[in-house]
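2 protein chains.
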Amino acid sequence: MSCAMVLSKEITLKGHEHESKPTFNFESYMVQKAISINQALDAAIPFKGHHNKIQEAMRYSLLAGGKRARPVLCIAACELVGGTESIAMPAACAIEMIHTMSLIHDDLPCMDNDDLRRGRPSSHKVFGEAVAVLTGDALLALAFDHITSVSTMGVPPTRVVHAIKVLAKSVGHEGLAAGQVADISSEGLSVSDIGLEQLEFIHLHKTAALFEGTVAVGAILGGGSNEEIEKLRRFARNIGLLFQVVDDILDVTKSAQELGKTAGKDLVADKITYPKLMGIDKSREFAEKLNKEAQDSLSGFDSVKAAPLFAIANYIAHRQN
Amino acid sequence: MSCAMVLSKEITLKGHEHESKPTFNFESYMVQKAISINQALDAAIPFKGHHNKIQEAMRYSLLAGGKRARPVLCIAACELVGGTESIAMPAACAIEMIHTMSLIHDDLPCMDNDDLRRGRPSSHKVFGEAVAVLTGDALLALAFDHITSVSTMGVPPTRVVHAIKVLAKSVGHEGLAAGQVADISSEGLSVSDIGLEQLEFIHLHKTAALFEGTVAVGAILGGGSNEEIEKLRRFARNIGLLFQVVDDILDVTKSAQELGKTAGKDLVADKITYPKLMGIDKSREFAEKLNKEAQDSLSGFDSVKAAPLFAIANYIAHRQN
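Those protein sequences? They're chains A and B, same order as listed.
Sequential numbering of the first sequence, starting at 1, is according to the working numbering.
Sequential numbering of the second sequence, starting at 1001, is according to the working numbering.
These are computed hints drawn from the structure, not numbers from a lab.
For clarity, every value in this text was computed on a predicted model and none was experimentally measured.
The beta-carbon is built from N, C-alpha and C at its ideal position, and this holds for glycine as well.
Fair warning: there could be bad hints in the mix.
[As the list claims (entries may be wrong)] Under 8 Å between C-beta atoms, here's a sample of chain A residues computed to sit facing chain B:
#1 Val-133
#2 Lys-169
#3 Gln-180
#4 Ser-185
[What the hints assert, rightly or not] Non-contacting residues of chain A with respect to chain B, defined by C-beta distances greater than 12 Å in every case (computed):
#5 Ala-34
#6 Arg-118
#7 Ala-143
#8 Ser-303
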């Protein structure tokens, strides 16, 4: 199924099967949210001319497009528990800044050594390695600066502090960075050395942790209950892992042109992936299982309000790049 | 004057010249504070065994010693405006984590390519470049996680949010990272290309910004008034610049053994420094001027309570490594 097909698919919601059957237009939803997010990201780093190289480098990577899946998830989680897009937006931008930082650092020659990102030369190819390292650092710092601006919107400051703590934990040695180090440490090891448990540890930290932080932060700022936050965390853990399984599958089945980044890198880097460990077909089955578990985690929420999250899970499961 | 001499010097405070003339023992103060700070840093990243490489790498650099000048400044600023060491400690640790992050990234081959730090091999020499990049990222994230723990100590959450904003700004594209990028961009340029203004921009951002953030955060958490915070910011800007001028002087006058890091790097990297721009003697005069301006910024504060800050300024001015 093509990306456009998934995007344009109207999703019929359970429990609304009469005359006025509401449908959820995922494509329109994503386009609308992406416009708001891109505007907010653009405003977050006003450009002060070409002599300001770090701002130029931050904007180059942050405003390079991308699906904005994480910020949309943050907003959707916030709205699901009764919050608004405005309340979620500073956190949504913060999460995209953190995600962009991780891409810039991940592309460095000492890491994945990737020359292409989102169809353009990677940050270090344009600005040099040193500036790329610092650009990532500055984006990570800006994320924590930017998220605090929600406190001017009437959100109780205790919620803001809680959200910052959860966000920071999802990035550091209990989250994203821990997963990346475990990933690097597993390079060159054979399939027999690394089991599913270790691969899952890597992806739960490297990918799922930030997804989990993303929805938790949205739900916290939106005033969600502990039970709601926990359900959304479970949802995000599943789609996070799902995202990575699909990424692994795409890496071995798609060309660089289709992906907008160098394809086959995992094979070259001799990384353990789901397809290597369980084959393509079993990987696809696993992806479907994760998608189902993600959707099951949303039981109990209003199905109309939860429609964006159901749709995002399906989109991640069936994305083609 | 040796470091030990500066440390052991008892400072007599103005306005207390009668029988019970109180003196401030800087050495004892610094030793006591450093013990508390090192204990708090040690507790901030519990070590879960050698299989946890990122925690090992974080602890390797964070617990490698150092003078702990920044965390002490944070505590001293907090205490000066009526706060306590306990209230300042999470922020003080956060600042040391950020400082350590900047050292790890600064030492990378694509940056200063420094093999020695605090008398030991740099992070990337021990753990590899990729892990060093991620260790820095994780320390930066942990800083923002860790500082939130002050909210359990009865500090109003609005103050915590304010402190986080100020701290984040001091690290990113308006602070530390901006200064480092400007520094890199100036490499290879001749003295005639870079004036004092550009050199000051570099150091006000690369070094003074984090000092300024440090005392501002301490003062905010301690409940300081806007006027008090502004005075302390001025103090910190001066000692931050002072720190860098002295660093530049030491780099051309001391050996690697004395510094605990590779000496003469600035000369090799063809960096513009104060000694290059104005000569050693004028650089020393400039350092004294900055020290005086720093001390003048503290006028109006209780001189007994401000004693640690006066002493730290003197220490930075006269340090030998």
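Okay, the hints, checked on the actual structure:
{"no.": "1", "hint": "Val-133", "result": "holds, 5 Å"}
{"no.": "2", "hint": "Lys-169", "result": "holds, 5 Å"}
{"no.": "3", "hint": "Gln-180", "result": "holds, 5 Å"}
{"no.": "4", "hint": "Ser-185", "result": "holds, 6 Å"}
{"no.": "5", "hint": "Ala-34", "result": "holds, 24 Å"}
{"no.": "6", "hint": "Arg-118", "result": "holds, 20 Å"}
{"no.": "7", "hint": "Ala-143", "result": "violated, 8 Å"}
{"no.": "8", "hint": "Ser-303", "result": "holds, 35 Å"}
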